[in-house]
Amino acid sequence: MRRLVRQRLFWPIAALLTLIVVNTIARPSFISVTVRDGQLYGPLLDILRNSAPLMLVALGMTIVIATRGIDLSVGAIMAVSGAVALTIIAGSPSPDDLGTVLVAILAGIAVALVLGLWNGFLVAVVGIQPIIATLVLMLAGRGVALLITGGFITTINSEPYRFLAQGYVFGLPLALYVSLVAIAIVAVVERRTALGVLTESVGINPEASRLAGVRSRGIVWGAYAASGLLAGLAGILYSSNISAADANAAGLYIELDAILAVVLGGTSLMGGKFSIAGTVVGVFTIQTLKSTITFLGVPPAVSPLFLAIIVVIVVLIQSPRLRGGISRLATSSRAPKTPEVVR
Amino acid sequence: MTGLTVAGETRAASAVGSVRRFTSRRVTWIPVLAAVTILLLLLVGAQLYFGNFFTPRVLSSLLLDNAYLLILAVGMTFVILTGGIDLSVGAVMAFTGMLGASLLRDGLPTAVVIPVMLAIGAGMGLAVGVLVHYFDVQPFIASLAAMFAARGLAFMVSLSSIKVEDPAILWLQSTRLQVAPGSWYITPTGILALLVVLVGALVLHFTRFGRTIYAIGGSEQSARLMGLPVVRTKILAYVVSGVCAGLAGVVFTAYTGASYPLNGIGTELDTIAAVVIGGTLLTGGSGFVVGSMIGVFVYGTIKTVISFLGAEQSWTRISIGALLLVFVVVQRIIVARSAAQRR
Chain Y
5 MRRLVRQRLF WPIAALLTLI VVNTIARPSF ISVTVRDGQL YGPLLDILRN
55 SAPLMLVALG MTIVIATRGI DLSVGAIMAV SGAVALTIIA GSPSPDDLGT
105 VLVAILAGIA VALVLGLWNG FLVAVVGIQP IIATLVLMLA GRGVALLITG
155 GFITTINSEP YRFLAQGYVF GLPLALYVSL VAIAIVAVVE RRTALGVLTE
205 SVGINPEASR LAGVRSRGIV WGAYAASGLL AGLAGILYSS NISAADANAA
255 GLYIELDAIL AVVLGGTSLM GGKFSIAGTV VGVFTIQTLK STITFLGVPP
305 AVSPLFLAII VVIVVLIQSP RLRGGISRLA TSSRAPKTPE VVR
Chain X
-8 MTGLTVAGET RAASAVGSVR RFTSRRVTWI PVLAAVTILL LLLVGAQLYF
42 GNFFTPRVLS SLLLDNAYLL ILAVGMTFVI LTGGIDLSVG AVMAFTGMLG
92 ASLLRDGLPT AVVIPVMLAI GAGMGLAVGV LVHYFDVQPF IASLAAMFAA
142 RGLAFMVSLS SIKVEDPAIL WLQSTRLQVA PGSWYITPTG ILALLVVLVG
192 ALVLHFTRFG RTIYAIGGSE QSARLMGLPV VRTKILAYVV SGVCAGLAGV
242 VFTAYTGASY PLNGIGTELD TIAAVVIGGT LLTGGSGFVV GSMIGVFVYG
292 TIKTVISFLG AEQSWTRISI GALLLVFVVV QRIIVARSAA QRR
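If you read the sequences in order, they're chains Y and X.
So the first sequence is numbered by the numbering used here: it starts at 5 and just counts up by one.
So the second sequence is numbered by the numbering used here: it starts at -8 and just counts up by one.
One or more hints might be untrue.
Now the stretches of chain Y that chain X is said to cover, found in silico as 3 or more residues with beta-carbon under 8 Å [stated by the list, open to error]:
| no. | region |
| --- | --- |
| 1 | 120 to 134 |
| 2 | 137 to 144 |
| 3 | 308 to 321 |
DEER-style ranges, computed between Cβ atoms [unchecked claim]:
| no. | chain 1 | residue 1 | chain 2 | residue 2 | range |
| --- | --- | --- | --- | --- | --- |
| 4 | X | ARG215 | Y | ALA191 | 34 to 44 Å |
| 5 | Y | ALA198 | X | THR198 | 47 to 57 Å |
| 6 | Y | GLY222 | X | LEU189 | 20 to 30 Å |
It should be emphasised that the hints constitute simulated quantities derived from the structure, not laboratory data.
Ideal Cβ placement from N, Cα and C applies to all residues, glycine included.
Using the sequences provided together with the hints, build the complete structure.
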């Protein structure tokens, strides 16, 4: 039991399971899955489908946080990539043409990648603090997106584009596949190559890893580029879901949700060791929490308060001082003066 | 920036020694001077372009329209000087405004409501400070939780806007103290904001608390070893920011004549941007309240220029982002240079 509790993923998974159980007790239909026309429907599937943009953003955020950074601009990048893609589709004579849609998606993602490279340049080459370097784009990005859409909410009517977020393949939502593929690629690249270890070493001690011959500049730069790319894809999914590019609402506060998901998953904001599985669990927890809040009939406007309470609880659990205090209490009551390494 | 280097060169020609002494001793004033230069360039450029920018009406409204931001920026300066950050200011401002408006609607006297608003702000600041200090939560996350909480609480007070009819609050805004009709004027809110700047500057420079803030920002470790009250001072800095947010709530309510739970979204970013443009280093330990005031005026001038141009307001955020970038890069160069000198 003790070993189980010590597992890094124990608390995140426990939180997620608790949420699911509470939901199921409150409304048994929560875990029901119905099959219609060979396609699966149900609250759980909605959570899986709706969590796709957050999943993509949080994956990128995990890598950035592992390098001891933070990326505040993901929401703005989402707005820009959605605006670019939809402006291309809206401007083309044949919005239903698959080629047009592909060009639009690639253009949106390419712009997002450029923005990510820009963030990486500021952090890795110029040496600006990550919070501020990405704050620049967070401030300016939404303005750029508004300029692209001309200050309006661009709406389109494109079946292939809509399919991206709402379509079903083999009975499961396409968006789910997108997030699964993203998880797989990030996991393989970070965990089956040395890149993950190098990223962690840069996050733990940038100076020492540079002296040890790790090319930290490229790794940090790459992390921001990956975050931008994934945020771009998330922006495409988001705009496809509502068939509109809303420069003000797209990805609003998603950076905060993503950071929260990463922290919930047990990755420390101090950089270093990161857990992709933890982030995945964290994303599902947040998405389930949101659907719970909606289900409980809490006005969505008040939901930030619930999120705040969750954040405080989570950071307090992670706080070394609180843990140290508790374990000291536990050890002093049993065996006094046992030196214990508290992580 | 070019103006600055040119000025530096001419002075260098006349007295190399004094310049070197100035740049080494007063290195922290250089970003402030840069901000003043930018402000003057903006004002002169706007006057040359529009011809009617330098009127008492436009310049007076600069202070009137940005009084709340000025108050927030003073509080934020305290926090940033300790090396922290406070993301909750906009939401706390909205919450205190909502609460104040609803209490006034219920018939409570103004003399009770305003102290309550300030106390609520102080309480939020205290909570952030305690989380940051006692539980080693990163300022970013702790103030993020406070931001969520305050925003949720603001919505719990009321989902729609509350009109304020209290004569005392409206007096703050509607009274125009001026010598002659149509000339310079100042409102009580403007006086309040300037008073906050004055008090902030005096506290930072002439009290033990203020000097300790600089010491902590310079090096927390050293400050602790010197026996300075690090804990108390750090927490108090967040309380100062909270009180300022509460006061900004009063001023903003007076400014709009109503409270709306969505007030002040993104204001925390504007505030941080203004403080950074005003020459305060985000790493802490270096910066001035007066600089933050200049930063707020730069922000206000850009906003006014853009509305004069009739351009979209999205350009405000883009130009602020670009300006922020320029200043951060300049600061980065200054820091790198002074670090190299020390070696």
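Hint by hint, here is what the structure shows:
no.: 1; hint: 120 to 134; result: holds (count 5)
no.: 2; hint: 137 to 144; result: holds (count 7)
no.: 3; hint: 308 to 321; result: holds (count 10)
no.: 4; hint: X/ARG215 <-> Y/ALA191: 34 to 44 Å; result: 42 Å, holds
no.: 5; hint: Y/ALA198 <-> X/THR198: 47 to 57 Å; result: 53 Å, holds
no.: 6; hint: Y/GLY222 <-> X/LEU189: 20 to 30 Å; result: 49 Å, violated
Hint violations for this structure: number 6 only, all remaining hints satisfied.
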